[in-house]
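Undergrad: Given next are the chains, with one letter for each unit.
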Amino acid sequence: MIFPSTAPSAMLRTMLRAGLVALRKELLEQRRSYRLLVVVAVLVAFGLMSPLTAKFTPEIMKLLPNGEQIAQLIPPPTAAEAVAQYVKNTSQFGIILALLMAMGAVAQEKDKGTAALILVKPMPRYAFLWAKFVGLGLTFTAGIALAAVACYYYTLILFEALPVPEWLALNGLMLLFVLVYLALTLFCSTLSRSQVLAGGLAFGLVVLLASIGAIPQVGEYLPGQLLAWGAGMVAGSQGTAWPALGVSDGIIVAALVGAWAVFERQEL
Amino acid sequence: MAAIRVEGLQKIFGAVRALDGLTLTVEPGAVFGFLGPNGAGKTTTIRILTGLARPTGGRAWVGGVEVSTARREIARRIGYLPEEPAFYPWMTPLEFLDHVGRIFGLAAEERVARTEELLGLVGLADVGKRRIGGFSRGMRQRLALAQALVNRPEVLFLDEPASALDPVGRREVLQLIGRLRERCTVFMSTHILADVERVCDTVGIIACGRMVVEAPRGELIARYAAPAFEIEGDDGSAGQIAAWAETLRKVRWVTTVTVDGTVARVVVNDVETAKRELLAAAVQAGLVLTRYEMVRPSLEDVFLRLVGEGEAG
Chain A
1 MIFPSTAPSA
11 MLRTMLRAGL
21 VALRKELLEQ
31 RRSYRLLVVV
41 AVLVAFGLMS
51 PLTAKFTPEI
61 MKLLPNGEQI
71 AQLIPPPTAA
81 EAVAQYVKNT
91 SQFGIILALL
101 MAMGAVAQEK
111 DKGTAALILV
121 KPMPRYAFLW
131 AKFVGLGLTF
141 TAGIALAAVA
151 CYYYTLILFE
161 ALPVPEWLAL
171 NGLMLLFVLV
181 YLALTLFCST
191 LSRSQVLAGG
201 LAFGLVVLLA
211 SIGAIPQVGE
221 YLPGQLLAWG
231 AGMVAGSQGT
241 AWPALGVSDG
251 IIVAALVGAW
261 AVFERQEL
Chain B
1001 MAAIRVEGLQ
1011 KIFGAVRALD
1021 GLTLTVEPGA
1031 VFGFLGPNGA
1041 GKTTTIRILT
1051 GLARPTGGRA
1061 WVGGVEVSTA
1071 RREIARRIGY
1081 LPEEPAFYPW
1091 MTPLEFLDHV
1101 GRIFGLAAEE
1111 RVARTEELLG
1121 LVGLADVGKR
1131 RIGGFSRGMR
1141 QRLALAQALV
1151 NRPEVLFLDE
1161 PASALDPVGR
1171 REVLQLIGRL
1181 RERCTVFMST
1191 HILADVERVC
1201 DTVGIIACGR
1211 MVVEAPRGEL
1221 IARYAAPAFE
1231 IEGDDGSAGQ
1241 IAAWAETLRK
1251 VRWVTTVTVD
1261 GTVARVVVND
1271 VETAKRELLA
1281 AAVQAGLVLT
1291 RYEMVRPSLE
1301 DVFLRLVGEG
1311 EAG
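Protein sequences, first through last, are from chains A and B.
Under our numbering, the first residue of the first sequence is numbered 1, with each subsequent residue one higher.
Under our numbering, the first residue of the second sequence is numbered 1001, with each subsequent residue one higher.
Because the hints were derived from the structure by calculation, they are not lab data.
Careful, some of the hints might be misleading.
Incomplete in silico selection of chain A near chain B, CB under 10 Å [as the list claims (entries may be wrong)]:
#	residue
1	Leu12
2	Thr14
3	Arg17
4	Lys25
5	Leu27
6	Ser33
7	Lys55
8	Gly113
9	Ala116
10	Leu117
11	Met123
12	Ala261
13	Glu267
Note that the structure is a prediction, hence the values are computed from the model and not measured.
Beta carbons are placed, not taken as given, at the ideal position from N, Cα and C, and that holds for glycine.
With the hints as constraints, model all of the structure from the sequences given.
TA: Okay, here's the thing in structure tokens:
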């Protein structure tokens, strides 16, 4: 990477300006291309549905033939079940949305030629990539924040109030969990000109992480443990998963630095 | 100091040698026509000069700055119009030019003024607020030219700038390029010889990744274009013209004869002899002529001859 030979403060200003210009475009794109709407709508829908599903599953069961007997076997619904549903749904669909939203982020721009048209100008490649990650990250932040509010409200109405600090911590950890997959997909998108190939590679990494996570003693160091930690906090558990937090941050940083290192050397 | 200098540039893609020791110099303020057949290496050269690709060997400078070591410095000083410009379909031209202005660090007032000026210049002022996704290829080409001019570049790289335009649009774009002379150096790749004849003052002809010739346009034509005569027969004389052309091809002072319907184009190597004998030969063959003239040698004649030699050599 070659920086202009100016003072450090001027260099920092240049970097910041380029990053903000690129981020402005990304945020506009999130809105105009309906990505923001789709992510928020899907996540809020699951935020609303999770407590509803937990509450009314026994009622729905009763409508089935012999449903009364099945319903008697199901324990009375609790707020913990609503939280468990929410964590499962949001994390699963968070991964799917991260793959769908980020797989074409760089690959498509390279393939169509818009990356060449922009990067031939004084727009550093790191700023181009950084803005894509931050833009998508803010979209998911908005989605998870609104989903958290929706889920909290319905859980309050149908069950009981959840502890607010722990609820915020759970959602923060879920956001970090999704950002891991967002960063990995962005890395895959940088490797290829085909968004399908990028999506395939990212899906392969998801499967790999899930497979490694199933190994005893290894899983507690991987991002999946963040969800268990957050859900445990809401349930009143004192357990922590700091190693998983460190590994997740490390994966994000490694994926972004790797993407930048690859992208910087690519011909457009 | 040359606006563009290239020395022994090489680019190899696997088994393909796209550039094979290309060397050229473009003087400041010139409109340089970079001519060559498809696959000759024109786009590869532009991609290297703009920093989008790296050479396998050789060196290149733009505005005195070496391309491979100061990509960002070069980026501030150039404009680039790609062969097939692509935009964000959800943006409007106003938004895109504003975005480009922000990338170059222009102040808000300057961005607004520059955007309006450029949209007017390329004839897109009326559609400034329409989404680019609905634009025709010609409209995108005009917008691509506008975005290449936002930073008032020292050197403007144009890859086939008029290929997607209708005749009126082409004339306007070529007039615009002509007006940029003196304000910036224009490096224009094209395979449309008429465009080069119309606007370029210096021409470089590339074949198989090598520069075949580089010279001012007039000098090139004077040096390489062989004199030619055009003879047009009466309606229905196509068969007679074709038969006569066959006999002419065996004549010592004739280089080539090409026939298009009732018109024969005869390139000669001895003008004085041709002046005396060509018309007599036509009359002797019993042709009824509607036109006989000595034509100005065209860049196309030079191009076909030199590219043929370049590919053979």
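Undergrad: Run every hint past the structure and note whether it holds.
TA: Here's how the hints hold up against the structure:
1. Leu12: With a minimum Cβ separation of about 14 Å from chain B (threshold 10 Å), the hint on Leu12 (chain A) is violated.
2. Thr14: holds (8 Å)
3. Arg17: OK, holds: Arg17 (chain A) within 10 Å of chain B, min 7 Å.
4. Lys25: holds (6 Å)
5. Leu27: violated (12 Å)
6. Ser33: Hint holds; Ser33 (chain A) Cβ to chain B Cβ min 6 Å, cut 10 Å.
7. Lys55: Hint violated; Lys55 (chain A) Cβ to chain B Cβ min 40 Å, cut 10 Å.
8. Gly113: At 4 Å from the nearest chain B Cβ, Gly113 (chain A) passes the 10 Å test, so the hint holds.
9. Ala116: Interface hint status for Ala116 (chain A): holds (5 Å vs cutoff 10 Å).
10. Leu117: holds (6 Å)
11. Met123: Holds - the Cβ of Met123 (chain A) comes within 10 Å of chain B, reaching about 5 Å at its closest.
12. Ala261: Because about 16 Å separates Ala261 (chain A) from the closest Cβ in chain B, which is outside the 10 Å limit, the hint is violated.
13. Glu267: holds (4 Å)
Checked against the numbered hints above, the structure breaks hints 1, 5, 7, 12 and satisfies the rest.
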